[in-house]
Structures are given as C-alpha cells and as structure tokens.
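A.B. asks: Please assemble the complex out of the two chains, which come individually in their own frames, going by the hints.
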Amino acid sequence: MSAAVDALPRGGPRRRAEVPPVWGFVAPALAVLGVVLVFPLLYSLWLSLQRSALTGELRWVGLANFRDALTDGGFWHSVWVTVVYTGASLGAQLVLGFALTLLLHSRFTRYPHVWRSVFLLPLLLSPVVLSAAWRVYLSPEFGIITYLLSVIGVAPRAWAVDVSTALVTVVALEVWHRTSYVILLLSAGLAGISPDYYDAASIDGASGWRRFWYITLPLLRPIVIVICSFQIVELIRVFTNIYLVTGGGPGRLTEVLSVRIFTTAFDGLDLGLSAAMSYLMLALSFALTLPFIRRTNQDDGA
Amino acid sequence: MNVLFVVLIATGSAIAAFGPAAAADVELVVPIQVGPEADAHKRLAAQYLEETKGRVRIRVEEIARAVHPTKMATALGSKTTEYDVLPFACTMFPLWGAAGWLEPLDDAMKDPKIFPADYDLADFPASFINVLKREGKLYGIPQELAAYLFMYRIDVLERYGVKPPPLQGWSWDEYIAAAVKIRDGLARDGVRDMYPTVFAGARNRNTAQAALQNIWGYGGDVLDKSNRPILTSPQAVQGLTSYVEQLTKLKLAAPGVVNYAYSELLTALQEGQAAMGIQWVAAAPTLLDPKKSPKTAGKLGFAVIPYFNVTGPQGLRAFPQCWAVGVSAFSKKKPDAFHYVSWFTSKRIARDYVMKGGGSSGRRSLLMDREVLASNPQYAALLETAKVFHPTPTIPEWTYILESILTPAFNAALAGASPPDRAAAAANDEIRAYLKKAGYNVD
Chain A
4 MSAAVDALPR
14 GGPRRRAEVP
24 PVWGFVAPAL
34 AVLGVVLVFP
44 LLYSLWLSLQ
54 RSALTGELRW
64 VGLANFRDAL
74 TDGGFWHSVW
84 VTVVYTGASL
94 GAQLVLGFAL
104 TLLLHSRFTR
114 YPHVWRSVFL
124 LPLLLSPVVL
134 SAAWRVYLSP
144 EFGIITYLLS
154 VIGVAPRAWA
164 VDVSTALVTV
174 VALEVWHRTS
184 YVILLLSAGL
194 AGISPDYYDA
204 ASIDGASGWR
214 RFWYITLPLL
224 RPIVIVICSF
234 QIVELIRVFT
244 NIYLVTGGGP
254 GRLTEVLSVR
264 IFTTAFDGLD
274 LGLSAAMSYL
284 MLALSFALTL
294 PFIRRTNQDD
304 GA
Chain B
126 MNVLFVVLIA
136 TGSAIAAFGP
146 AAAADVELVV
156 PIQVGPEADA
166 HKRLAAQYLE
176 ETKGRVRIRV
186 EEIARAVHPT
196 KMATALGSKT
206 TEYDVLPFAC
216 TMFPLWGAAG
226 WLEPLDDAMK
236 DPKIFPADYD
246 LADFPASFIN
256 VLKREGKLYG
266 IPQELAAYLF
276 MYRIDVLERY
286 GVKPPPLQGW
296 SWDEYIAAAV
306 KIRDGLARDG
316 VRDMYPTVFA
326 GARNRNTAQA
336 ALQNIWGYGG
346 DVLDKSNRPI
356 LTSPQAVQGL
366 TSYVEQLTKL
376 KLAAPGVVNY
386 AYSELLTALQ
396 EGQAAMGIQW
406 VAAAPTLLDP
416 KKSPKTAGKL
426 GFAVIPYFNV
436 TGPQGLRAFP
446 QCWAVGVSAF
456 SKKKPDAFHY
466 VSWFTSKRIA
476 RDYVMKGGGS
486 SGRRSLLMDR
496 EVLASNPQYA
506 ALLETAKVFH
516 PTPTIPEWTY
526 ILESILTPAF
536 NAALAGASPP
546 DRAAAAANDE
556 IRAYLKKAGY
566 NVD
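From first to last, the protein sequence lines stand for chains A and B.
Add 3 to the 1-based position in the first sequence for this note's numbering, that's all there is to it.
Add 125 to the 1-based position in the second sequence for this note's numbering, that's all there is to it.
In case anyone wonders, no lab produced these hints; they're calculated from the structure.
For clarity, every value in this text was computed on a predicted model and none was experimentally measured.
Every residue gets a Cβ at the ideal spot worked out from N, C-alpha and C, and that includes glycine.
Treat the hints with caution; some may be incorrect.
Okay, the calculated beta carbon distance ranges per label pair [stated by the list, open to error]: (1) B/Arg547 to A/Trp216: 47 to 53 Å; (2) B/Glu370 to A/Asn300: 56 to 62 Å; (3) A/Leu99 to B/Lys288: 53 to 59 Å.
Some chain A residues close to chain B (C-beta under 8 Å, calculated; not the full set) [stated by the list, open to error]: (4) Gly59; (5) Arg62; (6) Leu66; (7) Val166; (8) Arg255; (9) Asp270.
The following block holds chain B by itself, in its conformation from the complex (with noise of 0.2 Å):
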C-alpha cells in the first residue's frame, strides 16, 4: 500500500511538472512556409508567451514550400477564421489584397499601445512599403527583405584560376567563361560530383522568378506598361535563352536541375556539388553555419546576380522579394494579431531575428548595422541587389501568371520539352487568352 502511494504521488508530481503548461487566454495562428522564415517564429513564440505574462500564446503552422501559396489561397478563399498572423510573400498582395484576405493596419498603427512610437516606419524602404499599399491604405510590414544572390565558393575558384566576381556581379559573359574554365578544371581533376553552377529548374514559382532576372537583364518582360503581354519580343526570348543554355547547350548544371527549387538548391551547395549558384538569401545563414553546413561554412562569397552588357551593371533585373507579416480579415482576434505582427517586427525583435539566423531584414537600419554586416556578409550583397530591383506588375492575376503560365512554360524550355522561343510564344498566347478573359484590353 506504501509503494502505491509513493508511486501514485510520484505520477502526479511528474504530470504536473512536465505535463502541458497552463493555457494561455488566447492563440494566435501563424500560417507560414517551412524554412528559416518559420523557424524564426517558433523560437520567438516562447519569448512572445513570456513578454506577454502567459496572455498570448503563438501557434506556427508550417506548410510545405510548394503548396504554402495554394494551401493559404484555398483557406482564405473560404474565409477561414483559423488563421491569425499571416506571413506572406509580397509577390502574394496583389492577389490577397485585391481579394480582401488581409486587414489594413492604418488603423492599428494608430494606436500606441499596438505600434509603440519608437517603432519607426521609415526605417523600411518606402519601395516595399508602397508594393503592400492598396488604395491607400497598408496591409503588411516586410518581415525581411529577399532576393537572389550570386553565391559562390571562394575555394574552388581560386583553385582554379578564376577571380572572384565584384560585389555589383560579373556580367553574363564573365559567368559564362568562369563556369567553363571550372567545368574543364573538375573535369580535368577527375571530380564527377561537382558542377559549376547550380540554379533553379523545377516547375515551380523559384524558377519563374530566377529566368525573370535574365529576360529582365537583357531588356525584355513579361508586360509592357497596358498589361499586354510581350514575351515573344526578341529581347525576352534571348534572356529566356541564355538561362535555358546553361544547361542544355553548356551542360553547367547537373542535369538533375530541371527539378530543383529552394530546398534542391540548398542541398547541392550544402553537400559541395555545386561551385557557384544562383540562390535565395534565405539559404546564407544555413550555408556559413558550420555545424549545418561543413564543407561551405567560410567559404562563401556573396554578389549581386549576373547583368547582361545590353543593359549594363546598373540594368533593373532582381526579382523584388519580401516576406511580409499581416492580419487576416477573417480573424477574431485582431487586437492581439496586430500586436504581434508590431512587436515581430520592432526593431528589438527584427534584430534578433536576423542575428539568430531568421534571415535578413525589412529594416534598412538592421541591414546596414556593422555588427549585423560582420556575421552576415551576405547582406552586402543584398544591398547592392536592391538597387537593381525590377518592379514587378501589381495586376491581381501577376500571381496566377508568375505560378501557373510561366514556371511551366519556362521548366518546358529547360527540360528541353520545347525551344525557347516556342516556349515563350506558348506562354505569352496562354497569357494574352487569360487577361483577356479577365476583362483586360489586350488586343
């Protein structure tokens, strides 16, 4: 009898220590992609808990990559109230803006208790404050700030004889060459597992963007300034060309490429199979911690993507990325929601999301910070790419376009299923019949 009562308090006891916490009054669902962007979150929410005196718990729902844009649409569609704090891409706004998913934060801002007044809304560029305006109003503070990067192993190309790229890039051209002379070197060497250059290639948004840049680079787009499309103009089929050549004429990549997105990517520099790469900043904290990645922790170099002499170092060619934070329409928790996304992207908490390998910054301040700079070279380079920034259509249907016309068509030209030109007549015709429909004058 004894031993049962010893055993009985013990249970309890342990049940009590190490059972579920006391529940907080109230939970703020935060919807978000998988990847540093939400792992930020996670790691924060405890510290959220605590500022809050136990009030407000935060749950991070993670979602796969490459469904997170349909999963969130699908949600928000029905008007779902399960969501709170919504993270989202700001090439996303146009559509959830336009459809009325988010919550204006004018209001909020005006509320001291909410937005403190130290909070300082200048500190974010007014570039990408003003693409998550509509009408007037804002619905979302950029999170961090994302963008392509040139990335390169400082190693190898010294091993074999080629000079690192400038921080503004090298041209297309001096890519061209050093990626061969690298190619003929591991080829030399007898190295099978390592390419020159790795870039994305699935059918995925990843892809769309990243050949962007290059029909960008040489002059061309996708709209002119009417919305009619205008990828079959010779400027855009060339720079589609020039991203397609890398593989299929120049054989630089792996041929595995023309299946990989973010993750791909991460991993072929990660495991050294790649020299050089064209990846999201996102990627820099993994690739230059050497617990997670051995072989390219300092060994990476940072630069702004490749430009194309037609357009010249200064061209606009980078895919203008954010990741924003905003409130859903449907919440109904909106107070608390608000606070959140205010205190997630303070000043106090956006430099220790940065300093903890959160990814970059939306506050310009953080990124020109000399102690943010020193364990995160690759901000520089981020930077230098903002200046070359391309804008990007702010159209409700960009969305649609950029997901689900472009990425296949340009995957087609790269696996080879169709020529360049073809593919981005194919693209441009699907672009013009889906405008049309959507009751835009594109003849």
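With the rest of the complex left out, here is chain A (with noise of 0.2 Å):
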C-alpha cells in the first residue's frame, strides 16, 4: 500500500471540523433558484387547474383547462406555427453558420478576429431594439431595406404583414440574430479538431468536401447535437421578435404559442388557460430535444 493511503485517517467519525460546509455554501443558491424557478413552476401549475373569471376569482377545474387547449383549434394552428417557426429558423442557422464558421476558418479569410466580431454583433443587441429597429426598416414606405430592395429591382412589399413573407420574415430576423450564437459554438468545435485529421486525409488525397463530409462533420457532431437542443428551446419559446414585428398577424399567420399564451393571460385575464397552455408547451419543447439529448447520451456511452 502506497504511503499516501498509509497516511489516511483510519476508520471512526470524521470530526466536525474536516466535514466541508458544502450545503452553507449552496444554499444562497437554492434559495434564488427556489424562487425564481420552483415556485413559479409550481404557482403556475396550480393556476392551470383553476378557472379564473375577469374579476380575478379562481374555481377549481381540474384538467379542463388542459381539455380546453387540446381541443382548440386555435391552439394547434399555434403550435404548427411554432413548429414550422422552430425548424425553419434552426436548418437556416445551421447551414449559414457553418457556412459562416468555415469561411472564417479558411486560409481566404484575412482578419478572422475583426470578422467574428462583426457576426457577434446582433447577438448583443437587446431583442426589443432589434424587432422595433427590424418593422421600421422593413415599411414599404419608409424602410431601408425596401429602399436596398429597391436598388437591385425588388419592388416595394410590405413584408411583415404580407400573407406570403410574414413568416419568412420573421424567421430571417431570428437567422439574422442569433446565427452568429452557432458561429460561436462551432468555431469553439471547429478549433478543438487537431489538424492532424486534414493533413492525414489531404495525404490521402480526400478533396475538400470530402474532409468535410467524413472529417469536420462527424467531429462536431456532439456540438450540432448542443447547438440545436439549445437552440430548439430557445425558438420554441420565441415571442418578441413576432409581437413586436407582426404580432401574431396578418390575421394569426404567425401566431406562435408564446404569443398565444400571452393575449390568453393578459387580454383575455384567462390565466388558467394560458398556465396549462404554458406547461403543453413545456412538454413540447421537451418531445423535440428528447431525441437530441438521447443522441447525447449515446455518444457519451460509447
């Protein structure tokens, strides 16, 4: 036996002294995340088995308020929306951010630093100030992106409410905020990734697709695998790029749950309904990252 085991404390209580105050340390922590998370969570689990009338009075209901919302019409549209809104928004930020990652990476590029920066930049910026800056710059009257537009021959459309754009608009303004969180993400995976692999496969005379088809993708597997759990959550539970630019319209074309959610609660003061609504959502979000986090699991099991 080694003389660092000889030296450990032989059997008996471990005296109070050397116990490490682990949960004095934790428990500030717990308590924030006590109220900031498991209260609400629970608070609002009880409103969506509650009936509340206008004047604010609650009536126990049980799960009809969870009957209600499945068997809505309005809510599955929302839903679809949603659902469409998520996939659009994710395969679109996913093919420009690698697109984007790579071209910054590649020996073409001069001052990837300066670049980076650049495509970062609307991720800082608050999602108020961008939906608002966005619905000016996209007016058909006095919008500079109708008047850019304009330039290359695009006749002036009212893109945000028009049937047919509303909903390509709003996922462009979500491409356009938050590919540069992917570009982050795969750049981190994309440096992690010993060249040694493209030197190997250069040898061997694999061309450029090639290395990226059998090398760089499978290597950034378990990032895509993090980019798109994340990201899934955070497009399901959108709402203030739509309110703000469209506000669920024209008519409710882009209505996606979130927002939904919100005119039940707070112009319709159904705070019942708009908690089970919330807690369905919940289990959405969780049905489509459930396959990602399975794949997760796998890959760190092998």
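C.D. replies: Following this line, the structure appears as structure tokens:
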C-alpha cells in the first residue's frame, strides 16, 4: 500500500471540522433557484387547474383547461406555426452558421477576429431594440431594407404583414439575430479538431468536400447536438421578435404559442388556460429536444 | 487652498440651484398611453404642484400605446398600489368596472373641497357619463371625447377637381369615387409617394374600431341585444368587405397600411403620403401645427366618416370613444387622487387642455365655444360625429372580443389571409365559444 494511503486516518467518525460546509455554500443559490424557478413552476401548475374569472376569482376545474387547450383549433394552429418557425430557423441557422464558420477558418479570410466580432454584433443587441428597428426597416414606405431592395429591382412590399412573406420575415430576423451563437459554438468545436486529421486526409488525396463530410461533420456532431438542443428550447419560446414585428399577424399567421399564451393571459385575463398552455408548450419543448438528449447520452456511453 | 474653497462653494451653489427640488408631501402616479393625452398631464403637472402649494406632485408614467391595455390589466389585476389616477379609454370600462379596479366617485363628488359647487357635471354629455356608470355609481369623468374623423387635404382635392365633403360626410360611394379620381390623377402626374387614402389596418384595436364603423354603417353588428354573435349577417359581411376592398381591390391605400395603427396613420398624413384618411381626432392638433406638420397645417379639412346609403347619413355608425380619468381602487392616496381628477376635468383646466393641443374636451360647453372652435376646426366635425355614435356592448367580455378576436380577424381579411366572409365566420365562432365559456346563453 502506498505511503499516501497509509497516511489516511483510519476508521472512526469524521470530526466536525473535517466535514466541508457544502450546504452552507449552496444554500443561497438554492434559495434563489427556489424563488425564481421552483415556486413559479408550482404556482403556475396550480393556476392551470383553476378557472379564472375576469374579476380575478379562481375556481378549481381540474384538467378542464388542458382539455380546452387540446380541443381548440387555434391552439393547434399555434403549435404548427411554432414547429414550422423552429424548424425553418434552426435549419437556416445551421446552414448559414456552418458556411460562415468555415469561411472564418479558411485561409482566404483575412482578419478573422474582426469578422467574428462583426458577426457577433446582432447577438449583443436587445431583442426589443432589434425587433423595433426591423419593423421600421421593413416598412414599404420608409424602410431602409425596402429601399436597398428597390435598388436591385425588388418592388416595395409589406414584408412583415404580407401573407406570403410574414413568416419568412420573422424567420429571417431570427436567423440574423442568433446565427452568431451557432458560429460561436461551431468555431470553438472547429478549433478543437486536430489538424493532423486534415493533413492525413490531404495526403490520402481527399478533396475539400470529402474532408468536410468525413472529418469535420462527424467530429462536430456533439457540438451540433448541443446547438440543436439549446436552439430548439429558445426557438419554441420565442416571443419578442414576433410580437413586436408582426404581432402574430397577419391574422394569426405568425401567432406562435408564446404569443397566444400572452394574449390569453393578459388580454383575456384567463390565467388558468394560459398556464395550461404553458405546460403543454413545455411538453412540446421536451418532446423535440429528447432525441438530441438521447443522442448525447448514447455518444457519452460510447 | 483659496481656489479649492471657491470651487467647493461654487459646486455647492450649483447643486442647490439646479439639483432636485424639495420633495412634495404626496406623489400621485398617472399611467397613460404615449400621445397628446399624456403630454397634457405632463404639461399641467407643474401647474398643479404650484396650485397645491408644492404639496402634491404628479408623476406621469408613459406606456406605449400598443401595450397600454395589457400593461394596465396586468398591473391592476395584481392589485398594484403603484398607480393612483387612472386615465382609461371608455371601451376599457366594461372590464375595469366589472373587475373592481376603479373607485366610485360619488362620495367624493359630495365633498365641496374636492368637487367644488361650480364643477357642473351636467356639462358632460349624459351618454358618456352613463357609459362610465355601473350599478348606479360613477367611476370616471370624460377627459376628452374622441372619434374617427374623415380628414382630407383641401389642396389635393382641389388639384384633382374633387369637391370637398359636407360636414356630415360623403356617402361611401362618393368617397370611393373621389379616391379613384385622386388615384388616377396621381398616376397621371407621376406622383408615387402619395396614395388617395389611409386607414388603420394593423393587428391592433384601431383596426377593429375602424372596420366596425363600416359594419355598422351597413346595418350589421357584432352582437344582438341578447349578446349572441351576428357577425355573419349579410350586412356585417358586406360592411367588412367594403372596408377591405379599399386596399385589396381598389388599391386606394399603401400596401403597408396593413401594419398601420394611430402613429403610422399620423405619420402618413403628416408626411403628405395620403390625400385623405380616417384617423382619430386626437391627431388633428399635431396635423394643424405648422411647426410639427408644415405639409398639412392650414390645408386640412374635417368631416364625419362616410355613410352607407342603406342606413343613410343619420345612420349610427361612428365608434364612440372617450378618454376618462378615474381613481384606482388600490391607491393609498385616494383623497388627493379625487382632487386631481376634479381639478384636471374642471372647466378652467379643461379649457387649457383644449386650447394648448391636449385634444378635444369631454365638456360640451368647450366643444361649442367660439374661441375653441376658431383654433380647432376639427371639433365641428367631432360634434357632428357625436350625433351618429353607435352604442357598444357593455359586457366585460367586450374588451377581449374587440382586442383579441375582432382585431386579428379583420387584420386577416385586410392582409388577404382570409376572405372577409370567412374571417367574419371564424370570428363569429370564436366569439360564440368565448361567451359560452363565460356563461352566456348564445345558442
């Protein structure tokens, strides 16, 4: 037995002074977590089981709010819009994120640190500022984007309120806002790939595309899974961009779940129904991220 | 050392001269939507502080117009004691009154120290006072009467040979004919940055209110006397269709009008991007101010909104609106809040409000005053419009129906997401389900 092991105290109860004060250090954080996370979760669950009158009185109704939500066509429409918005935004962010990341890391790009900072700028902006600004930029009468598009021959259009372009517009805003987050993570992952792999592949005569497909992509898969998990959660609960740019319109074309929950709670004052819809949104978020979490666990196990 | 001493004395003097004023005994918080209504409260706050001999300070909390109803519902629903005096749109009263968010004014009105003998409640139109009553008690005083007016550029109409409308307004056919004539004239002259007309189209209550005027003008309505939804009647559908076709079929307004609410309408008229428009009377002081609106000052005419032949010029079609002031039921400073309400709506201050760009008045005597009318030509049209106000439902659920059911439905029709008849049918079904859940017999 090594000398180090021999030096360990043998048997007997540990003295109080030797017990690390773990709970003392984490108690404040746990208290904050309890107030800002646990209590609201439990309170909203309790609310979801009540029917609230316009005057604020509550009445126990059990699962009636969940039943009302699940049998409401408007709710399912919002679920559909949310899923389409999430899928389109995530797909575009991954494609654009990959393209820009590879460009940043290519030998043709000068001053990559400067460009990385430029790409990060949208992420630093407040969503409220961003959305309010884009609402003006997209105005067919006074918008800068409208003007720039007209220079290349695109006729002025009410992009944010046109039936055929409203959803595309908010997806584009989302992509513009948060692709830099994808670039950040992919850049970190790319920096972690050893150049020896690429050198060996080059020696074997692999083309750029084959190096990307057989080396870069597989090695970045864990990062991509993390990106997808986080982004899905963020995209499902999107609110600011849509509420400020389209308000959920035209009609209800861009009315995602969070906007519907908001109007139910604060225009309709139906806190019970909105709380029930919030939990259903949580279930949707969990359902969409579960495959990625399982994949991560499988990769860890492997 | 001497230099340091001088600097210290100078700094101390500056702080004393320009630093924060001595705190008042009481601070009343007034939450209000951004716009001329808020500007007046801010402007008059200094005068009230002086008249209360520095005892009561007014703090105006401005809230974006689009979120004002939601923010107030959230705050008052949680029984906040933060707010004292509550300006509110009369369309909010069915909900606010039923929810118990306002304090009755009746007892305060019996106190001559709060409401003096010459206050003259009868000077406010009975129809609006009654709107602000619930179970016999009064909960607010009209700060101003509001309505959508038909506004037109006198010079543009003249340029294209269109005779201006009478005060009682054009018929809808006359309005469309004039707009088409102006549209064709603008196209001939190669003018691309002006459209014949502008109106509300955003996913916002302004749109619901404006479109309802067409529905009422055509003889339709949202609810019958038993509160059953009737938005699918031929009259209601035709009324909505007429509103929508201005844009979708006749192309009389800019495409972006689908995203226009009060502010965008004001900008469009101010910048000369529309020859005519249907806009709230509150915009008139800004549009008539040569410093703020050089393109429209002195060139704007006003009339009642167009009528439909089926109901005629006397048909009740205008959306009745007023801004009232009341006292929060949760305020800890109710006596002072009552006094401010009485002071702000007194004849003297109401006159100041009207004469200095605050908006119209809730007092009939002021709207008929020669001096007021001379500098506010829009009030003649407002008084005429008041004759054709259409009553709105008084059930508490009306606020949600207007803001969250009619608004997206009418916006969908205007944006082309849904034909008017389907948008009306969808809204009708949603209203039925909503009222049924609230306990109404709608079958």
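A.B. asks: So, for every hint listed, does it hold in this structure?
C.D. replies: Results of checking the hints against the structure:
1. Between B/Arg547 and A/Trp216 the beta carbons are some 48 Å apart, a value that agrees with the proposed interval 47 to 53 Å.
2. Judged by the Cβ atoms, the range 56 to 62 Å given for B/Glu370 and A/Asn300 holds: they are separated by roughly 58 Å.
3. Judged by the Cβ atoms, the range 53 to 59 Å given for A/Leu99 and B/Lys288 holds: they are separated by roughly 57 Å.
4. The interface hint given for A/Gly59 is met, as the beta carbon of that residue sits about 6 Å from the closest beta carbon of chain B, less than 8 Å.
5. Checking A/Arg62 against chain B: minimum C-beta separation of about 12 Å lies over 8 Å; hint violated.
6. Annotation: interface hint on A/Leu66 violated; nearest CB of chain B at approximately 16 Å, more than 8 Å.
7. Interface hint status for A/Val166: upheld, as the beta-carbon distance to the closest one in chain B is roughly 5 Å, under 8 Å.
8. With a least beta-carbon distance of about 5 Å to chain B, the hint placing A/Arg255 at the interface is held under the 8 Å criterion.
9. Because the smallest distance between the Cβ of A/Asp270 and any Cβ of chain B comes to about 5 Å, under 8 Å, the interface hint for this residue holds.
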